[in-house]
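Given next are the chains, with one letter for each unit.
2 protein chains.
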Amino acid sequence: MTAFAKTDRNRITRLAKRGHYDRATINHILDEALVCHVGFVEQHQPYVLPINFARLGATIVMHGSKTSRLLTHIAAGHPVCVEVTLVDGLVLARSVFHHSINYRSVVLFGTGHLVEADSDKLAALSAMMEQLIPGRWQAARQPTQQELNATSVVAIPIDHASAKIRRGPPGDDPADAAWPLWAGVLPLQVQALAPVPDTRMPVDVGVPEYLTNYARNKKD
Amino acid sequence: MTAFAKTDRNRITRLAKRGHYDRATINHILDEALVCHVGFVEQHQPYVLPINFARLGATIVMHGSKTSRLLTHIAAGHPVCVEVTLVDGLVLARSVFHHSINYRSVVLFGTGHLVEADSDKLAALSAMMEQLIPGRWQAARQPTQQELNATSVVAIPIDHASAKIRRGPPGDDPADAAWPLWAGVLPLQVQALAPVPDTRMPVDVGVPEYLTNYARNKKD
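Those protein sequence lines, which keep their order, are chains A and B.
Everything in the first sequence is counted per the working numbering, starting at -19 for the first residue and increasing by one.
Everything in the second sequence is counted per the working numbering, starting at -19 for the first residue and increasing by one.
One should not assume that every hint holds.
Heads up, the list lumps identical chains together, so a pair's fine if it works in one copy or across two of them.
[Unchecked claim] Listed below are the simulated DSBU-like cross-link pairs for lysine-lysine, each with C-alpha atoms no more than 35 Å apart in a straight line:
| hint | residue 1 | residue 2 |
| --- | --- | --- |
| 1 | Lys144 | Lys46 |
| 2 | Lys(-14) | Lys(-3) |
| 3 | Lys46 | Lys(-3) |
Hints are computed from structural coordinates only; laboratory data are not their basis.
These numbers were taken from a predicted model, which means no experiment stands behind them.
When you get a sec, could you build the whole thing from the sequences and use the hints?
Right, here's the structure in full:
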């Protein structure tokens, strides 16, 4: 299945032309994100918490402490909503009214479960690290059995999902075109600064290439 | 009141030492964010949607179309959760287990209402633009009455809030200190690229200073 069906849950109603339902578009946005925002309900009260994650096929995986309230809630099979937003730029129009943000967002729905087998937990943990720092998992000291036991991993198969994207220049009214004001887009991106070494590290350990060339924008 | 009381709703339970309840810390994080993530409940289903916003004192304001499902829901006075996360860096430990993210996040709770008076709507819209692009509101063509009428503005007084912050180097086990691997922090920040002018603009309109010097990190 290359696209999600439109349902009452995932349908883009406002500015429907910005809506996308194909898996390639949705996956690309998910894979570029550093964190996601998980919505859940406890006693009729909505909560949203940020957490890092990875996509494994059509499933979202997350990890945390055995005592994490969020993971315990997800593992119990309550419905959750996962949202990801990448801000690509500020859209400056002549009119206040037409200012906007260029962004790519995904909203998805599913119910989660605990990942129990050690091999599945390791696959999920590895994917989460690769999502943040490709190349790091192989280099780092692998989890001990005790560390693995202390880590909860949950998986949320994606039941419904949609993406919403705004790109391009401002949509000013033609009557405003002559307004004497700079208009256009200020692109924004996540930028890595110089790595800050841990002070306890021997000085002769080099900075790995996956850090010196770190870029968040994934290539198609 | 300079701090929020800890309640069952806003208390940081996991890694409590990372929790902050003072308004200065919370406000600073809110004011640096480009978008927030609003959690709400419809028919027991959690939803999370991204939207831009501003903080006006102890109130969050948002705007959108009169037909926006999110704004209609907020205006009806349902409880909502608003979450904001700033990712400050990737924390690279020697062990897989101690990898982390440096971040500053806020989770707040409240119930919203429609902002009805034109003067209050304009104050909120101006604050939202200043949150994104300080200096822009004054320069742009002001809203017509028709545009103002087409815009819904909602306000959410902050009832409960807390911040969670991780800073600093990795927390490796002492036994791993000699692991022959670079460890430390890769700082990340939101970076503006060269402004992209709208093609319909006369060539002699200069790029305003608030764009050439655009920086997202607000100074204390």
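Comparing the hints with the structure gives:
no., hint, verdict
1, Lys144 - Lys46, "both (34 Å within a copy, 19 Å between copies)"
2, Lys(-14) - Lys(-3), "within (14 Å within a copy, 43 Å between copies)"
3, Lys46 - Lys(-3), "between (42 Å within a copy, 18 Å between copies)"
Checked against the numbered hints listed earlier, the structure breaks none of them; every hint is satisfied.
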